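Full structure from sequences and hints, please.
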Amino acid sequence: MALKIVKGSIDRMFDKNLQDLVRGIRNHKEDEAKYISTCIDEIKQELKQDNIAVKANAVCKLTYLQMLGYDVSWAAFNIVEVMSSSKFTYKVSCSHQPIRGERTVDAVLITTIINSVSLPLVTQDLSSPNQYDTGVALTGLSCFVTPDLARDLASDIMTLMSHTKPYIRKKAVLIMYKVFLKYPESLRPAFPRLKEKLEDPDPGVQSAAVNVICELARRNPKNYLSLAPLFFKLMTSSTNNWVLIKIIKLFGALTPLEPRLGKKLIEPLTNLIHRALDLLYGMVSKKNLMEIVKKLMLHVDKAEGTTYRDELLTKIIDICSQSNYQYITNFEWYISILVELTRLEGTRHGHLIASQMLDVAIRVKAIRVFAVAQMATLLDNGHLLTGNMQRNGICEVLYAAAWICGEFSEHLEDPMQTLEAMLRPKVATLPGHIQAVYVQNAAKLFATVLRKQEGTTDSLAAQETSQLLIDRLPLFVQSANLEVQERASCILQLVKYIQKLQQKEVEVAEEVTALFAGELNPVAPKAQKKVPVPDGLDLDAWINEPPSESESEDEKPKAIFTKEEPKHTRPRHTEVDEKELARRREARKQEQANNPFYIKTSPSSQKVYQDQPGVEHIPVVQIDLSVPLKVPGMPMSDQYLKLEEERRQKERSERKKKEKKKKREKHGRGRRADSGPESEEDITPAHHVDIVTEEMPENALPSDDDDKDPNDPHKALDIDLDKYV
Amino acid sequence: MIKAILIFNNHGKPRLSKFYEHYSEDTEQQIIRETFHLVSKRDENVCNFLEGGMLIGGSDNKLIYRHYATLYFVFCVDSSESELGILDLIQVFVETLDKCFENVCELDLIFHVDKVHHILSEMVMGGMVLETNMNEIITHVDAQNKMEKSEVRAASEARVLSIIILI
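Chains as they are written, first to last, in our numbering: chain R, -5 to 719; chain E, 12 to 178.
Think of the hints as simulated: they come from the structure by calculation, not from any bench. Since the structure is predicted, the reported quantities are computational estimates derived from the model, not experimental observations. Built from N, CA and C at the ideal position, the CB exists for glycine as well. Some hints here could point you the wrong way.
[Said to hold, decoys possible] Straight line, CA to CA, 25 Å or less: simulated DMTMM-like cross-link-like pairs of lysine to aspartate or glutamate:
| # | chain 1 | residue 1 | chain 2 | residue 2 |
| --- | --- | --- | --- | --- |
| 1 | E | Lys126 | R | Glu75 |
| 2 | E | Lys24 | R | Asp65 |
| 3 | R | Lys10 | E | Asp125 |
| 4 | E | Lys126 | E | Glu168 |
| 5 | E | Lys24 | E | Asp109 |
| 6 | R | Lys23 | E | Glu45 |
| 7 | R | Lys42 | E | Glu168 |
| 8 | R | Lys709 | E | Asp89 |
| 9 | E | Lys160 | R | Asp14 |
| 10 | E | Lys160 | R | Asp127 |
| 11 | E | Lys157 | R | Asp14 |
| 12 | E | Lys29 | R | Glu26 |
| 13 | R | Lys216 | R | Glu252 |
| 14 | E | Lys110 | E | Asp125 |
| 15 | R | Lys288 | E | Glu55 |
| 16 | R | Lys709 | E | Asp71 |
| 17 | E | Lys24 | R | Asp25 |
| 18 | R | Lys583 | R | Asp571 |
| 19 | E | Lys24 | R | Asp14 |
| 20 | E | Lys157 | R | Asp127 |
| 21 | R | Lys159 | E | Glu147 |
| 22 | E | Lys29 | R | Asp65 |
| 23 | R | Lys42 | E | Glu159 |
| 24 | E | Lys126 | E | Glu36 |
| 25 | R | Lys23 | E | Asp125 |
[To be verified] Just the calculated beta-carbon pair ranges, DEER-fashion:
| # | chain 1 | residue 1 | chain 2 | residue 2 | range |
| --- | --- | --- | --- | --- | --- |
| 26 | E | Glu55 | R | Lys289 | 14 to 24 Å |
| 27 | E | Glu162 | R | Thr158 | 22 to 32 Å |
| 28 | R | Ala710 | E | Ser35 | 17 to 27 Å |
| 29 | E | Val105 | R | Gln13 | 21 to 31 Å |
| 30 | R | Phe71 | E | Glu162 | 22 to 32 Å |
| 31 | R | Ala710 | E | Val105 | 33 to 43 Å |
| 32 | R | Tyr29 | E | Thr81 | 21 to 31 Å |
| 33 | E | Thr81 | R | Thr371 | 52 to 62 Å |
| 34 | E | Glu117 | R | Glu24 | 14 to 24 Å |
| 35 | E | Asp71 | R | Pro141 | 24 to 34 Å |
[To be verified] Heads up, incomplete: computed chain R residues facing chain E, CB under 7 Å, no partners named:
| # | residue |
| --- | --- |
| 36 | Ala(-4) |
| 37 | Val16 |
| 38 | Tyr58 |
| 39 | Gly63 |
| 40 | Asp65 |
Given below as structure tokens:
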């Protein structure tokens, strides 16, 4: 007896473990199949042994062989047997083994074995004090759970969802999904607890719960609409990227069912998009710039909201122009991108595009020919852009176009055509500063045209050109804008003078060109500071005599010796003030009545001001921003701004009006920074951001043509959960 | 949901295969071969995402892979997973392997496939992502390793003792 045991022990020492098996297989490359069948025989022998360690070793080797493609389902019972061991080590080796119980004739037998044997084993493990025992049991269960097992173990696993250890809770939550698939009736009772887990303090458990619910909701989204607010809160508060991704995908599935959800999602999603766009800065390189911009342009086309489009526009330009255009390899491409961007309707960044065009055209000499050609086309089609008149609108581009054509007119193919385009009557509808540029550059073009025409000894053409200017300029001379008026009148006189000279057959082209000689180069921002101070100039010396000392001396003694005087004078001052005020008012009124040039306020409006002591009972109109104001062509932001301004004008007194005027001047001189933030805070875009709908193709619809088993339970899981929440 | 996780080398030999859905062994091997075929002909500088082959579920499923030296790590997922997220998960998996094996190489995976399974089961369970934080994963793996070691030590001590008593 003892000998047998000893012999057995010695035999066991020669057992192969996993590594030996692997090594053996590698060494038997020629006769691998034969070697493996030998090994399988050995394993069968080992499985017959009583010693559980031996069996566990055998199971380990079987896992490896299964990966190589050998069928090991005959060992199902043995695997379950090893699982029953109380030693953790052996259990672990089984937890990776998916025990097949669903295909073959033996399926029923194996399933029964599994059910009858596993159930008590797993239950025992599930209640083990050692968390890793339980963990292993759950992992193994996820591989081989059957409907019967699911039914029996559902309540146990539900209990585990509230275990003290987060490790167990996490695994229990995740395995519930498999349990639901096999045994759909378990969803009803488990759901409230699952919902609780969404707010579990441990982030791992929380993300497991989100995972499970997202999987469920993909198949039956309408049952989970009621959870939307909870998920919204999670989305805004969570920093775990996995959770965020899952929730956003979930919203992608839910939004088609609940359009209001889409509107609410705009804000956080816009933040995410901003973050993503910011990343682009770092990503850009010479090679990928063009592709990235192309993708962004596609987005710009697809995007319907003007705010989003403007964002993209700004980003595109920022990326391209960063570090002094270092990433742009082909400036022709960049100019064409800018021209394409001009097609955007309702943008507020027209000046940005304009300034880019100017910048590139000035600094990149090689590109001037191309740029000028593009700009000429823009001017020709200027009428298309003149639809949008508002400040910083796309018509600003015409500013750039006109200037470029004028300054680099020598590259123009057909200066006459461009000159004619610049002087069309419709130009007078453009904003004043643009018209001014048009007029000035028309003069430059005139010089170029004259030079061309006089060279060909075609004096009639030259005179016709002058006549053209004389015909068209008077319209600008009458403009309401001072700058336009001045420039137009100057140039008109000049042209009339030139015409007289032309009639006397004098060549004037040279002199006219001389008017615009010289290049305008860009100035560095720190240039002013760097200007050297000439010798002998002391910037700190007084230019005039400093103010006399006597006044300051007078005040000081007063303050020192007469502290009490202010107190006395105060009550006296008030009395005097009132009387004085009344007297002054009378005097003023007399004077105003006698002054023929003084415009009196109409008595009716004065009454209105006098009747209303305060502004409280002016009705404030609440604008319901959840319904976007749809105004074609004109962006809403400006309309709203105008509305606000009008209201404020009516309600406030003259003093406030002056302040408002100052504010408006600032707006006028200021750049996008001022108008931008205001519009983004107060204005809802006309259409919601598209990012949510982009997710749509991936959302869930019960796949009717899917005939795999696991998907049938999803139809069974389609229950109304609101009753149980 | 993750449908399958495969690791194979540049010649297509499987080093780890974990399927979260039921397939027969033959189908599994075919899937491995098909995936290898699809992934191995990809250039180094093209996208890491491609559509799954016919066997693994066709165009609904995607293959997300990364090529490290001699090994391909391939995750087959359906549309509920984010591609970039899975790519990150592959990276976490490889880094965890590196931590646990000390400069992991293909041989480590060949001879210690059970350990690799072990680590993987701490990250993905039942086809769903369980844990993405590398420190958490390593903590649990180490704790379980300690348990195993202490059990093995106790068992071998018991065996030696029994042999001595017999003799």
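Evaluated hints:
Between E/Lys126 and R/Glu75 the CA atoms are separated by roughly 21 Å; this keeps the pair inside 25 Å, and the hint holds. Only pairs whose Cα atoms come within 25 Å are accepted, and E/Lys24 paired with R/Asp65 is accepted, the gap being roughly 18 Å. Only pairs whose Cα atoms come within 25 Å are accepted, and R/Lys10 paired with E/Asp125 is accepted, the gap being roughly 15 Å. Restraint check for E/Lys126 and E/Glu168: satisfied, since their Cα atoms lie roughly 23 Å apart, inside the 25 Å limit.
With a C-alpha separation of about 21 Å, the suggested pair E/Lys24 and E/Asp109 falls inside the 25 Å cut-off, and the hint holds. A distance of roughly 23 Å separates the Cα atoms of R/Lys23 and E/Glu45; the hinted pair therefore holds under the 25 Å criterion. This hinted pair checks out: R/Lys42 and E/Glu168 have alpha carbons roughly 24 Å apart, not beyond 25 Å. Note on R/Lys709 and E/Asp89: the hinted pairing holds, with a Cα-Cα distance of about 19 Å set against a maximum of 25 Å.
Between E/Lys160 and R/Asp14 the alpha-carbon distance is near 19 Å, which keeps this suggested pair within the 25 Å criterion. Taken as a hint, the E/Lys160 and R/Asp127 pair is honoured in the structure, with Cα atoms around 15 Å apart against an allowance of 25 Å. Distance hint between E/Lys157 and R/Asp14 is fulfilled; the C-alpha atoms sit about 23 Å from each other, no more than 25 Å. With a C-alpha separation of about 23 Å, the suggested pairing of E/Lys29 with R/Glu26 holds against the 25 Å cut-off.
Restraint check for R/Lys216 and R/Glu252: satisfied, since their Cα atoms lie roughly 9 Å apart, inside the 25 Å limit. For the hint linking E/Lys110 to E/Asp125, the alpha-carbon distance of about 16 Å falls within 25 Å, and the restraint holds. Only pairs whose Cα atoms come within 25 Å are accepted, and R/Lys288 paired with E/Glu55 is accepted, the gap being roughly 24 Å. Note on R/Lys709 and E/Asp71: the hinted pairing holds, with a Cα-Cα distance of about 19 Å set against a maximum of 25 Å.
Distance hint between E/Lys24 and R/Asp25 is fulfilled; the C-alpha atoms sit about 17 Å from each other, no more than 25 Å. The suggested pairing of R/Lys583 with R/Asp571 holds, with an alpha-carbon distance near 18 Å, which does not exceed 25 Å. Of the pairs offered as hints, the one joining E/Lys24 and R/Asp14 holds, with about 19 Å between alpha carbons and a cut-off of 25 Å not exceeded. For the given pair, E/Lys157 sits about 13 Å from R/Asp127 by alpha-carbon distance, which is consistent with the 25 Å threshold.
Of the supplied pair hints, the one linking R/Lys159 and E/Glu147 holds, its CA atoms being roughly 14 Å apart against a limit of 25 Å. Restraint check for E/Lys29 and R/Asp65: satisfied, since their Cα atoms lie roughly 15 Å apart, inside the 25 Å limit. With a C-alpha separation of about 24 Å, the suggested pair R/Lys42 and E/Glu159 falls inside the 25 Å cut-off, and the hint holds. Our distance criterion of 25 Å between C-alpha atoms is met by E/Lys126 and E/Glu36, whose separation comes to about 22 Å.
Between R/Lys23 and E/Asp125 the CA atoms are separated by roughly 22 Å; this keeps the pair inside 25 Å, and the hint holds. The supplied range of 14 to 24 Å is met by E/Glu55 and R/Lys289, whose beta-carbon atoms lie about 22 Å from each other. Distance hint check for E/Glu162 and R/Thr158: the Cβ-Cβ separation is about 24 Å, which falls inside the suggested range of 22 to 32 Å. Checked against the given bound of 17 to 27 Å, the beta carbons of R/Ala710 and E/Ser35, roughly 26 Å apart, stay inside it.
A hinted range of 21 to 31 Å holds for the C-beta pair E/Val105 and R/Gln13, which are about 22 Å apart. At roughly 24 Å, the beta-carbon separation of R/Phe71 and E/Glu162 lies within the given 22 to 32 Å, and the hint holds. Distance hint check for R/Ala710 and E/Val105: the Cβ-Cβ separation is about 39 Å, which falls inside the suggested range of 33 to 43 Å. Here the CB-CB span from R/Tyr29 to E/Thr81 is close to 24 Å, well matched to the stated 21 to 31 Å.
A C-beta distance of roughly 57 Å is found between E/Thr81 and R/Thr371, which places it inside the suggested range of 52 to 62 Å. Checked against the given bound of 14 to 24 Å, the beta carbons of E/Glu117 and R/Glu24, roughly 22 Å apart, stay inside it. Between E/Asp71 and R/Pro141, the C-beta spacing of about 25 Å keeps the proposed range 24 to 34 Å intact. A cut of 7 Å between beta carbons decides the hint on R/Ala(-4): the least distance to chain E is about 5 Å, and the hint holds.
Satisfaction of the interface hint for R/Val16 is found here, the shortest Cβ-Cβ separation to chain E being roughly 5 Å, below the 7 Å cut-off. Hint status for R/Tyr58: holds, given a least beta-carbon distance of 6 Å to chain E, under 7 Å. The interface hint given for R/Gly63 holds, since its Cβ lies 4 Å from the closest Cβ of chain E, which is under the 7 Å cut-off. At its closest, the beta carbon of R/Asp65 sits 5 Å from a beta carbon of chain E; the interface hint therefore holds under the 7 Å criterion.
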